[in-house]
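S.K.: Position one of the sequence shown corresponds to residue 87 (this note's numbering), numbered consecutively onward.
No lab work stands behind these hints, which were simulated from the structure alone. Hints may contain errors.
[Said to hold, decoys possible] Within a straight-line C-alpha distance of at most 30 Å, the following computed DSBU-like cross-link-like pairs (lysine-lysine) qualify:
no.	residue 1	residue 2
1	K572	K489
2	K285	K215
3	K354	K309
4	K400	K354
5	K167	K572
6	K167	K311
7	K404	K602
8	K602	K572
9	K285	K602
10	K455	K400
11	K488	K463
12	K190	K167
13	K446	K396
14	K558	K289
15	K354	K286
16	K447	K384
17	K183	K558
18	K317	K262
19	K572	K183
20	K458	K446
21	K435	K396
22	K488	K458
23	K317	K289
24	K602	K354
25	K572	K175
26	K384	K446
27	K488	K455
28	K463	K396
[As the list claims (entries may be wrong)] Ranges of calculated distance between the beta carbons of each label pair, as one might list FRET restraints:
no.	residue 1	residue 2	range
29	K455	Q484	17 to 27 Å
30	A265	D584	46 to 56 Å
31	E539	A438	22 to 32 Å
32	E514	G192	49 to 59 Å
Computed from a prediction, not measured in an experiment: that's the story for all the values here. We put the CB at the ideal spot given by N, CA and C, even for glycine.
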Amino acid sequence: MKNTRTKLGTVAAIAAAAAVVLSGCAGGGGAADGTGEPIYDSTITYVHAQEPPCIWGSWVQEAYLSRQVFDSLVAWGDSGKAVPWLATKWSESGDRKDITFTLKAGVTFTDGTAFDADAVAANVDYWVKNLGWNSFSYLTGATANSDGTVTLHLSKANPEIYRELANGHYGIQSPKALAENSEAQNCQYPVGTGAWKVKKWTKGQDILFERNDDYASAPADAKHKGRAYEKYLDWKFASDATSRWSALTTGQAQAIYDPPSTQWATAKQDYTVSTFVTGGRQQAFSFNVQQGPFTDEKVRKAFVYAVDRKQIVKSVFKGSVPFEGNGSLSPNNPYYLDLNDTYGYDVDKANALLDAAGWKKNADGIREKDGKELEVKLPYGAGPIVSQDGATALQAVQQQVKKVGFRLDLIPLTQTQLFSGQSQAADEEDIAFGYWVWPAPNILDIVYNAGTEDAPNGNNTTHFDDPAVQAKIDAAQVEPDEEKRKADYQELQRYFNDHAIAVGFYDFTNTVVASKDLKGFRQDQGSNGLPIFTDAYLVGSK
Numbered sequence: 087m088k089n090t091r092t093k094l095g096t097v098a099a100i101a102a103a104a105a106v107v108l109s110g111c112a113g114g115g116g117a118a119d120g121t122g123e124p125i126y127d128s129t130i131t132y133v134h135a136q137e138p139p140c141i142w143g144s145w146v147q148e149a150y151l152s153r154q155v156f157d158s159l160v161a162w163g164d165s166g167k168a169v170p171w172l173a174t175k176w177s178e179s180g181d182r183k184d185i186t187f188t189l190k191a192g193v194t195f196t197d198g199t200a201f202d203a204d205a206v207a208a209n210v211d212y213w214v215k216n217l218g219w220n221s222f223s224y225l226t227g228a229t230a231n232s233d234g235t236v237t238l239h240l241s242k243a244n245p246e247i248y249r250e251l252a253n254g255h256y257g258i259q260s261p262k263a264l265a266e267n268s269e270a271q272n273c274q275y276p277v278g279t280g281a282w283k284v285k286k287w288t289k290g291q292d293i294l295f296e297r298n299d300d301y302a303s304a305p306a307d308a309k310h311k312g313r314a315y316e317k318y319l320d321w322k323f324a325s326d327a328t329s330r331w332s333a334l335t336t337g338q339a340q341a342i343y344d345p346p347s348t349q350w351a352t353a354k355q356d357y358t359v360s361t362f363v364t365g366g367r368q369q370a371f372s373f374n375v376q377q378g379p380f381t382d383e384k385v386r387k388a389f390v391y392a393v394d395r396k397q398i399v400k401s402v403f404k405g406s407v408p409f410e411g412n413g414s415l416s417p418n419n420p421y422y423l424d425l426n427d428t429y430g431y432d433v434d435k436a437n438a439l440l441d442a443a444g445w446k447k448n449a450d451g452i453r454e455k456d457g458k459e460l461e462v463k464l465p466y467g468a469g470p471i472v473s474q475d476g477a478t479a480l481q482a483v484q485q486q487v488k489k490v491g492f493r494l495d496l497i498p499l500t501q502t503q504l505f506s507g508q509s510q511a512a513d514e515e516d517i518a519f520g521y522w523v524w525p526a527p528n529i530l531d532i533v534y535n536a537g538t539e540d541a542p543n544g545n546n547t548t549h550f551d552d553p554a555v556q557a558k559i560d561a562a563q564v565e566p567d568e569e570k571r572k573a574d575y576q577e578l579q580r581y582f583n584d585h586a587i588a589v590g591f592y593d594f595t596n597t598v599v600a601s602k603d604l605k606g607f608r609q610d611q612g613s614n615g616l617p618i619f620t621d622a623y624l625v626g627s628k
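Please model the entire structure based on the sequences and the hints provided.
M.R.: Following this line, the structure appears as structure tokens:
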């Protein structure tokens, strides 16, 4: 779920060469017209950007894969409400801290283990121990009441718990596999009840999913209730957007993730485009308010005023990604506040703020104070978090802030460096840049909670620490009145924006471009926009 701070262990190297990554794709060419007869029991080839270390884990890139293999207790429906999945119904205790689920009968994991309340309880225990951010869902454990009912326990009421349970990280795994298989086996070949099972993972190249022929446990609002139409889903990896685009246009793949922005107009004209703005917080500048020049609010605001954020997003992404001014909450979250008209481009105001803060330009045009240059460091995940277009946008920021006297050092990090925490300590990072995918507005708790002295919250990249504000976040999360909760969360968003603690730049989107000969593809409507291929099938000449 998290972008940079959750420790995911050693990350597997990702092959960058398209010739290696895309070897073995089916032949073909050009954009299909989408006509012809259905072709069942074939192979869908999809090319994704990032290869995560495991199929299940804390990162959204793992959730994309988990959704193929696992079912969850509930799904988040197109109507914006939780719908039954492995649970058929549920009820809450009076204090809303216990939720009892009635489970679907007759469901079996692909290793033959029966799905029941004990399986759910084993998974909850696994989540509590292995999902670093699980504490922010307030889920603490589960009790199997009988084979068919289970009660989940929360440390405090959570109005958004169903949105959280519906995301890909809370898929149900075989308790037998969790208990008996090695960590590596559960990482690469996990066992679920889902529509697909892992046939083979060739590191650096692809994951081949095979259809679960016995699948009969689709969500209540699924477009297609039975097993997948196609026999295989070949999920390939190519970090380069141009290579992914080439795979689509030459017919090597029927769907790809995140096309190059230069091809956006063509994609919309000749292909089927599905775009989902993820929940949580978007690609934002999080300023280090604990130490360094950004402890001064005037300097933070000067940086933001010096950047023509809207124009950069428009020029670089060419309409494929929207501008987003809110640095704390996504437009796909409840109680989002539109802040897009704040901090407009104003070089004069930026210069005036820096003058007032005591920073003066030297002969090189860089500002100085007390003999020290206004040099700030921005490490970022090159590829895993920030795309090639995103890196170009950051370079434009670098050029613009230099005009008012900032020396901005952009520090690209590999996936391994990023997840090891390199260059991201409080004294190494003046600006953090990245997204955080989360389905609930208590993302504010995740990214602004200071934690404790013994256990600081590594997700808090601003290093913000104000007990009074934290108390308001805590109160908003458990507030039972809908309108009061909305007002409280919007007040908090204004606070973080007004003080320029975190300011948005552009949306993190899950975009899939598909050939018109692929029908039925859709995206999960929870926080992630997870790709769903169960309903998808090919058309063409047999």
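S.K.: Determine for every hint whether it applies to the structure shown.
M.R.: Hints and how they fare:
1. Simply put, K572 and K489 have alpha-carbon atoms about 39 Å apart, too far for the 30 Å limit, and the pair is violated.
2. Our distance criterion of 30 Å between C-alpha atoms is met by K285 and K215, whose separation comes to about 27 Å.
3. The hinted pair formed by K354 and K309 meets the criterion: a straight-line CA distance of about 24 Å does not exceed 30 Å.
4. Pair hint K400 plus K354 holds up; C-alpha atoms about 17 Å apart against a cutoff of 30 Å.
5. Note on K167 and K572: the hinted pairing holds, with a Cα-Cα distance of about 17 Å set against a maximum of 30 Å.
6. Between K167 and K311 the alpha-carbon distance is near 19 Å, which keeps this suggested pair within the 30 Å criterion.
7. Proximity of K404 to K602 is assessed by CA-CA distance (about 23 Å); at most 30 Å being required, the pair is judged to hold.
8. At most 30 Å may separate the alpha-carbon atoms for a hinted pair to count; K602 and K572 exceed this at roughly 41 Å.
9. The suggested pairing of K285 with K602 holds, with an alpha-carbon distance near 27 Å, which does not exceed 30 Å.
10. Restraint check: the Cα-Cα separation between K455 and K400 comes to about 35 Å, which exceeds 30 Å; the hinted pair is violated.
11. For the given pair, K488 sits about 13 Å from K463 by alpha-carbon distance, which is consistent with the 30 Å threshold.
12. About 19 Å separates the Cα atoms of K190 and K167, which keeps this hinted pair within 30 Å; it holds.
13. Straight-line distance between C-alpha atoms of K446 and K396 comes to about 28 Å, which keeps the hinted pair within the 30 Å bound.
14. The suggested pairing of K558 with K289 is violated, with an alpha-carbon distance near 45 Å, which exceeds 30 Å.
15. A hinted pair counts as satisfied when its Cα atoms are at most 30 Å apart, and K354 with K286 does not qualify at roughly 33 Å.
16. Between K447 and K384 the CA atoms are separated by roughly 16 Å; this keeps the pair inside 30 Å, and the hint holds.
17. About 20 Å separates the Cα atoms of K183 and K558, which keeps this hinted pair within 30 Å; it holds.
18. In summary, the hint linking K317 to K262 is supported, as the alpha carbons are separated by about 26 Å, within the 30 Å threshold.
19. Distance restraint check for K572 and K183: the Cα-Cα separation of roughly 21 Å lies within the 30 Å cut-off, and the hinted pair is therefore satisfied.
20. For the proposed pair K458 and K446, the alpha carbon gap of about 10 Å is at most 30 Å, so the pair holds.
21. Only pairs whose Cα atoms come within 30 Å are accepted, and K435 paired with K396 is accepted, the gap being roughly 17 Å.
22. Restraint check for K488 and K458: satisfied, since their Cα atoms lie roughly 16 Å apart, inside the 30 Å limit.
23. Between K317 and K289, the direct Cα distance comes to roughly 21 Å. Compliance with the 30 Å bound is thereby established for this hinted pair.
24. This hinted pair checks out: K602 and K354 have alpha carbons roughly 11 Å apart, not beyond 30 Å.
25. Using a Cα cut-off of 30 Å, the hinted pair K572 and K175 holds, with the two alpha carbons roughly 27 Å apart.
26. At roughly 14 Å between alpha-carbon atoms, K384 and K446 fall within 30 Å of each other, so this suggested pair holds.
27. This hinted pair checks out: K488 and K455 have alpha carbons roughly 16 Å apart, not beyond 30 Å.
28. Distance restraint check for K463 and K396: the Cα-Cα separation of roughly 22 Å lies within the 30 Å cut-off, and the hinted pair is therefore satisfied.
29. Between K455 and Q484 the Cβ separation comes to about 20 Å, which falls inside the hinted range of 17 to 27 Å.
30. Distance hint check: the CB atoms of A265 and D584 are about 51 Å apart, consistent with the given range 46 to 56 Å.
31. Range check, E539 to A438: about 38 Å between beta-carbon atoms, so the 22 to 32 Å window is missed.
32. Our hint of 49 to 59 Å for E514 and G192 holds, since their Cβ atoms are close to 54 Å apart.
The structure shown violates the earlier hints numbered 1, 8, 10, 14, 15 and 31.
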